[in-house]
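Protein chains: 2
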Amino acid sequence: MSHPSIKSVREALIAKSGADFSLDDHPSRNREIFDDKKEASICLKKDAATINELQDKLYAERKRALLVVLQGMDTSGKSGVIRNVFADTSPLGMQVEAFKAPSKTELAHDYLWRIHQAVPRKGRIGVFDRSHYEDVLVVKVREFAPADVVEQRYEQINSFEKHLSENGITILKFMLNVGYDEQGERLRERITEPHKRWKFNPADLEDRKLWPDFMDAYETMVRRCSTKHAPWYIVPADSRTRRNAMIARIVRGALEDMDLSWPDPGHKLSDYDFG
Amino acid sequence: MSHPSIKSVREALIAKSGADFSLDDHPSRNREIFDDKKEASICLKKDAATINELQDKLYAERKRALLVVLQGMDTSGKSGVIRNVFADTSPLGMQVEAFKAPSKTELAHDYLWRIHQAVPRKGRIGVFDRSHYEDVLVVKVREFAPADVVEQRYEQINSFEKHLSENGITILKFMLNVGYDEQGERLRERITEPHKRWKFNPADLEDRKLWPDFMDAYETMVRRCSTKHAPWYIVPADSRTRRNAMIARIVRGALEDMDLSWPDPGHKLSDYDFG
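Residue numbers (my numbering), protein chains in the order written: chain A, 1 to 275; chain B, 1 to 275.
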């Protein structure tokens with residue numbers, strides 16, 4: 001069974017730059033990249049194992065870090081991605097931050113203040129479950145900040161991410177693109193399945209009513225902030241297994257591109273007295 | 001194949017209180033709790049799976065947290081414990097902090113300042129790879145602080161941990177008890193095996209020379225700081241698999257004792273409009 005190459009998954013999902021990008025070109029359901037769900041599952045497992053091996057080297061090297069940004073509407077599967085793509089990675093090498101509505105202290109600072117603090121330490125893989133992009137998504141749609149303030153943020157974010165990438169942080173950004181109907185199904189599931197009921201938040205239905213506004217905000221976000229140093233990938237998210245498998249391919253690819261190897265400080269047994 | 005009960009593992013490893021505790025009663029090698037290594041491995045895998053299930057409920061509840069403190073001489077296996085005991089737990093539910101020598105900023109505060117900041121958020125399992133106990137271990141042995149300052153710390157730590165436990169944090173403390181000879185083997189291995197070479201730090205040999213002083217400091221630490229609300233477990237650490245399996249039993253036991261269940265906010269499908 002042959003898996004789709006990392007290159008082909010990247011090319012299928014990466015956002016075109018600037019005005020050429022349209023969400024309409026990115027369906028929430030895609031059965032072409034992985035035509036078979038079982039194959040996706042096998043590919044995911046292999047990639048999770050390889051991601052673990054590469055993370056060990058990243059940790060040993062302690063010079064660079066990987067930051068994975070996850071954005072998507074409710075139920076798009078951010079937690080599922082974290083659990084599955086990093087299923088084999090030691091928690092010691094991971095740093096996951098789930099950003100909620102900002103606290104009073106956080107609001108007393110600029111919106112990137114709390115983000116910068118959560119940037120992964122060298123040697124680690126950091127995951128942002130939601131991120132600074134909320135400040136141009138929900139903040140824009142619900143008008144929590146004036147339009148001209150939001151307007152400035154796209155360039156500020158690009159500049160911030162450029163700074164990080166110039167300082168050893170590889171950035172991958174994934175928009176988990178769940179469809180409107182699929183979201184409806186999943187929100188209902190959160191009520192009907194007892195172990196999911198805690199996740200249901202009636203406020204999510206308010207966001208759902210604003211679906212077209214959110215999609216507009218996502219589209220603008222991608223148009224303005226998909227850069228060479230921090231590209232956006234638009235991931236079809238209606239199939240959980242395929243979604244995880246596609247992201248695992250790209251995460252693995254980014255780690256492979258880092259060309260990691262075991263550091264060798266050149267110690268010799270004969271140099272030391274072990275008592 | 002029957003596994004040793006959680007109760008029996010706890011009883012075998014928990015430190016006797018106060019002056020009754022002696023490290024001499026705790027060998028670094030123990031083939032009684034798990035007489036068979038394969039059995040330990042199977043038990044560990046089952047417990048890791050159950051720990052994951054329980055953590056999901058802890059996360060859903062978001063009212064309490066578990067803090068696992070790992071202390072031990074170099075090579076005693078702190079990273080190995082983290083990787084294996086939490087092999088199935090989603091990184092989203094974990095918060096691991098590896099404490100190094102304090103930075104200048106950290107030294108400008110009291111020694112519990114950085115520790116308090118790293119206490120796991122409600123719903124998470126936190127792991128301290130080294131901890132505030134370094135402030136009564138290496139700091140004592142190497143005299144980084146005056147003796148009377150160190151002397152005050154045992155009660156300060158007890159009081160701090162009591163505070164945490166009264167505020168919903170269950171605390172488990174594990175001393176990974178590796179033997180002197182086994183440590184020698186493992187340090188040599190760090191030079192002979194290429195993928196471990198990055199881990200070798202010549203300074204570890206300095207600590208090794210001070211072995212009896214460190215053991216004294218560990219003994220005093222356990223005597224003074226094994227409390228009802230935050231007991232010390234002394235884990236035989238010469239066998240990696242058994243060490244991990246024993247800790248997994250106790251972590252699982254602590255989560256089971258929390259009596260976790262899926263929160264049920266009582267939502268009904270008919271109450272909501274899904275659009």
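Just so you know, the hints here were simulated from the structure itself, not pulled from any lab data.
Careful, some of the hints might be misleading.
Since copy identity is lost for identical chains, a pair holds within one copy or between any two.
Each computed DSS-like pair below joins lysine-lysine, with the alpha-carbon atoms no more than 30 Å apart [to be verified]:
| hint | residue 1 | residue 2 |
| --- | --- | --- |
| 1 | 37 | 196 |
| 2 | 100 | 122 |
| 3 | 104 | 63 |
| 4 | 37 | 268 |
| 5 | 199 | 63 |
| 6 | 268 | 46 |
| 7 | 196 | 162 |
| 8 | 45 | 57 |
| 9 | 268 | 199 |
| 10 | 7 | 37 |
| 11 | 46 | 104 |
| 12 | 104 | 7 |
| 13 | 100 | 268 |
| 14 | 209 | 268 |
| 15 | 199 | 45 |
| 16 | 122 | 162 |
| 17 | 57 | 46 |
| 18 | 196 | 57 |
| 19 | 57 | 268 |
| 20 | 228 | 45 |
Everything numeric in this text was worked out from a predicted model, so none of it was measured.
Numbered hints the structure breaks, given as an ascending list: 4, 6, 7, 11, 12
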